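J.: Residue numbers (numbering that gives the first Met the number 0), protein chains in the order written: chain W, 0 to 352; chain X, 0 to 352.
Keep in mind that the hints were calculated from the coordinates and are not lab data. No experiment lies behind these values; they were computed from the predicted model shown. Glycine included, every Cβ here is placed at the ideal spot set by N, Cα and C. Where hints are given, some of them may not hold.
[Stated by the list, open to error] Stretches of chain W that chain X covers, calculated by requiring three or more beta carbons in the stretch to come under 8 Å of a beta carbon on chain X:
id	stretch
1	215 to 227
2	266 to 272
3	291 to 298
Protein chains: 2
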Amino acid sequence: MELKNDCFLRALMRQPVDRTPVWIMRQAGRYLPEYLKTRAEAGSFMNLCQNPELACEVTLQPLRRFKLDAAIIFSDILTIPDAMGLKLYFVTGEGPKFEHPIRTAEAIRKLPSPDVNDSLRYVMDAISTTRREIGGQVPLIGFSGSPWTLATYMIEGGSSKTFPNAKKLLYQEPELAHELLGKLAGTVTDYLNAQIESGAQAVQIFDTWGGALSAGAYREFSLRYMAQIVAGLKRENEGRRVPVILFSKGCNTQLEALADSGCDALGVDWTITLKEARKRVGDRVALQGNLDPAILLAGKDVIRHEVEETLNSFGPGNGHVFNLGHGITPDVNPDHLSALISAVREFSPGFHS
Amino acid sequence: MELKNDCFLRALMRQPVDRTPVWIMRQAGRYLPEYLKTRAEAGSFMNLCQNPELACEVTLQPLRRFKLDAAIIFSDILTIPDAMGLKLYFVTGEGPKFEHPIRTAEAIRKLPSPDVNDSLRYVMDAISTTRREIGGQVPLIGFSGSPWTLATYMIEGGSSKTFPNAKKLLYQEPELAHELLGKLAGTVTDYLNAQIESGAQAVQIFDTWGGALSAGAYREFSLRYMAQIVAGLKRENEGRRVPVILFSKGCNTQLEALADSGCDALGVDWTITLKEARKRVGDRVALQGNLDPAILLAGKDVIRHEVEETLNSFGPGNGHVFNLGHGITPDVNPDHLSALISAVREFSPGFHS
């Protein structure tokens, strides 16, 4: 099936496009009534992830409403630790939890390296099902959590504000931390390669908690392993380059180092202007972002204005994928997202003449 | 009473010192058994804040244990909204809450501008009591939350991850937001001036949630009001300069703009190296920070090593106050803080020869 709209992939490779492509992190999510309906039918979040037909359905839902330039497979960043036996579950209002967090050297050493084509088969099936159903309309993105971000949940057993146990491991037992992160990097590499082989046309690594680390620890314990994954990825499939996006939230002081990791593009949060970010990374990578998701809570005029400001901040030229600086929140009115996408389509051609 | 140790004040003004001064954000806090005892005697956190003798006692407790170069008055960043009638209270495990959050234009317009020498008299009394008791041993720091940070709690009614209501106000009704922030800036200015007149020898503004804002919104809604406060402060008292420290957590991409605000020093969190931060601010301001508080959970050898790295990162020369990059956490063993302070005293003279 020929790809009808490749402007997202072209922008990631900093090739010319007619307008700035747009997709939205967590675009298949709780702000959509049709998502909530399918989610209720599935019974639980994990059932939804693990059922390829339902995962495909929710992946496609936002494409039916909005003129998006990419789809992202519906899944969770924590599928790998679940496949390693930690048993992921969700408590409403508290986020993800693991039944069996790992805290001891023994637990880390015993951690299995799962065969991703077996234990995470459901993700590959969701990707191939979705590729078939999407009919070449837009490219499909695959993704994973970063080793450090996975490790924080695995060690803390859930979300955390200060990551005391995970950080204690890094600082007190760095060799053991490296053993865990190395194991995770190997599995993430296998996982993303399997996603690419199943049909993912670009992949993104979410390093949600990179910003919790000091500058030095970030390079040693997070960036290093993301660079290792990038180096191990299959970068060509179906006769096309498969671009890799790294998104380390809260790590804007590390943009130069991230740009040297071998990836194609960087996700950028809203605490830095795209102008400044672009100045710092030069022409090494494309940039994806970076509207504050809270803008979608304001009125449509405000949204239009802020979209224009964001496009202006990046400025003319290639290498910008429009997105939020983090996931869309459940309290957003879907019509407001329509306004955002219309504004990107209206204003962005002027930056690509 | 003559000040016996002025190295903290000298470092804030980038004057020569024999060693790098050190104090710790939240040094009078739950990690200290003697604090927990006094806190229990007080009955509630607010009782402790509002009783000048008890507030003085907990302010002095860390000085009895550790060779600190400054004391910080025991209080809370949210005393101003409480004095405005929002009624502050604390729920264990959930942080601060307000009984009467403000959500409407009417509520914002009706918000009183309190006479700080009346409704916040207890803070001034705690400062003058502590100055008397401290006997010139080290300088005493006064503080306030920043207007933006106060506004987030006042609007959300407590802590928040994404600040939906506060941000909606900024984006949807910027004039109303400016009215609120302007009112808060006026009261913070009065409040800090009253603290200085009561004996605070340096003041710090905590902008805990500055990092939640986009680069543009940060300048318009947070930095602007902090600069306005700095311009309105009494900078000379008892024949000495009263230095002002701004600490915007998560705003390291804004260091240059912060350095131009008129303050004497910037608090720096651990997501940027002091070397990089110093390069960016040049000789405009001193820097305070920036060890990850989680380092104190590791062993003493690790702590010593990280202290040395932090001192190395700033490098030789004037203008460094050693601190953590955020408050010390309740799970820290006080002996580990001793190890940190000893290491600063042991290693830092080498940077001031």
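J.: Indicate, hint by hint, whether the structure satisfies it.
T.: Evaluation of the provided hints:
1. Only when three residues or more bring their CB closer than 8 Å to a CB of chain X does the claim for the stretch 215 to 227 of chain W stand; here the count is 3, and the claim holds.
2. With 4 residues bearing a CB less than 8 Å from a CB of chain X, the stretch 266 to 272 of chain W meets the requirement of three and the coverage assertion stands.
3. Residues of the stretch 291 to 298 of chain W with a Cβ under 8 Å from some Cβ of chain X number 7, which satisfies the need for three, so the listed coverage holds.
Checked against the numbered hints listed earlier, the structure breaks none of them; every hint is satisfied.
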